[in-house]
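Just so you know, the sequences run in chain order A and B. For the first sequence, the working numbering gives the first residue as 2, with consecutive numbering after it. For the second sequence, the working numbering gives the first residue as -6, with consecutive numbering after it.
Quick caveat, the hints were computed from the structure, so don't treat them as lab data. Positions of the beta carbon are idealized from the N, C-alpha and C atoms, including for glycine. Among these hints, one or two may not hold up.
To be verified - The list that follows gives simulated cross-link-like pairs (lysine to aspartate or glutamate, DMTMM-like), each with its CA atoms no further than 25 angstroms apart:
1. K20(B) x E33(B)
2. K283(A) x D299(A)
3. K143(A) x E33(B)
4. K83(B) x D299(A)
5. K230(A) x D73(B)
What the hints assert, rightly or not - A few chain B positions that, by computed beta-carbon distances, are all more than 10 angstroms from chain A:
6. N36
7. S162
8. E267
9. E275
10. I277
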Amino acid sequence: MIRESLMEVGRINMQMEELRSKGRAEDDQEMLDLSMEKARLLRPCVNLTAEDKVFLARKIERPHIDDFIKALFTDFFEQRGDHLYDDDPAIYGGIARFHGIPVSVVGHRKGHTAEENVAYNFGMAKPEGYRKALRIMDQAEKFGRPIITFIDTPGAFPGIDAEEHGQGEAIARNMARMSSYHVPVISIVTGEGSSGGALALGVCNRLLMLEYAVYSVLSPEGFASILWKDSSRHAEACEIMKLTADDIREANVADEVIPEPLGGGQENPKRLYGSMDMAIEKNLSALMAMSPGELLRDKRRKFRGMQ
Amino acid sequence: MEKEERSLKTVLMTVTRKLAPDYVNCKSCGRRAVRKVWQENMNICPFCGRYQAMSADQRLGLIFDPGSRQDFNSDAGVRDPLNFPGYSEKAKKLEKKTGLKESAVTAFGRINGIRVVAVVLDTRFFMGSMSSIVGEKVTRAVETADREKLPLIIFAASGGARMQEGIHSLMQMAKTSSAVQEFSENGGLYISCLTHPTTGGVTASFATLGDITLAEPGALIGFAGPRVIEQTIGVKLPKGFQRAEYLHKHGFVDRIVKRQELKEVLYDILKLHEDSRGGFAEDIRKGGQG
Ligand SMILES: [Zn+2]
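Required output: the full structure, derived from the provided sequences and hints.
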């Protein structure tokens, strides 16, 4: 488990930040020592287990949709609510420009602090959240804007109101409608993509995954407790579920894996955004060269072929 | 003498057990009735009225005109994409026990003369969970109905995802939803009938995308399981939560239909659509330029 070394790295990052803010020449040697110590601690990250990747995918410091929108897009105009019942803070999105091109962007929202996570319900959406996403995406289809979705959720919210308002129908409707769009759709699993709550934003022409993101039918804890009635068999579940980005690429579900800095995106966000920008640019220009009919058929063929 | 008496007793007991009728215990009221009585009563408890699961054969027998059933894609058996320990063995055991190769049964048949495509998920096979082959059979049934311009009726019943197939199970939700969407765009009629229990990935895909949604009395229908919800929010669930009647009240089910009335209700819906102006709808789909 890389948990301990990454906690140590976190402490070193803070010390380095402090020294940098002082900007004194006499601290140079200490800075050098710290960065060497950090490199030593990150070395085991070249060979991560599935459980390590689940840990990284859920890390609170990991960049989330707010960070991606700031780093990769301009002119962001947030759209709020499903205009039917309510606004769900677990889903975030609107209209923006990517390299100058107007696009619609939407995804699950997670925070970097406990307060933010409570406010965003840890990225667990309710039906009104999925319907908010649908409203954003339907408008993209209407105005011919490409759609980019960011997937990062432990799953759909299991609650009384969520069930009363048709959680199942909301997820199903999103998948059905997404399958019929004629605009380019790119989905990126950036953290944990768990269950139908993830797939509700994932019926796309191209599915990309960050290197340490995971995608699965259910959380490893849920999987272990359903199959073995024992949620403590977490590590075993992570391994057997084949949920890492490489596994999902191997299963022909993901089209491409976007490399991350050693130890995860949070260790060098700028580098991560650079890789994401390149991957989106490449896939978007390929898709934008296709006609509406081709894009529709391409997407239908992709999901028809899912075994 | 004592020994003889004992063996005579054993023989008598064995004979009685063999001659005795096969009983079914009601899971709701606990009373028991002869299996044949249950079956003649469409698997509804003769004492308290609780609905027990129907096999695919019983279900299709209930709605189809005698002799009209024609199965298709019945050879496809379980795939094991993750090489999941013990999964293939369990599937073989279930096949031997139920005669089914997978949970989904797909067939043509007639309902008072009207030809339809029907799908039944049989809960005896992995609780009707969504596997790669279940997704494929449902998708092919939707495509068949589309190609032959027939109405589609699906009897959903599912414990959710087939965990043993991991991400492959999840992707079937997108595959089936996409197929239903295309069928719908082409004007196909889809009647979804939710039976006990319909949960998880099946609820969040084809089961909730019907033009008409029916449900059986008392059926549990939901996305998240009641236990998961209780654990997450730490609140006791309201009475009747996630039951068919509750969904009917909240506007996600059009009608709750008793088994005694099922065939006639289906026929009425089919007939209403058959008599609708199909040609007119076709013109609208072509752009309404005429
Ligand atoms: Zn009873």
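* **Earlier hints that do not hold, by number** => 3, 4 and 7
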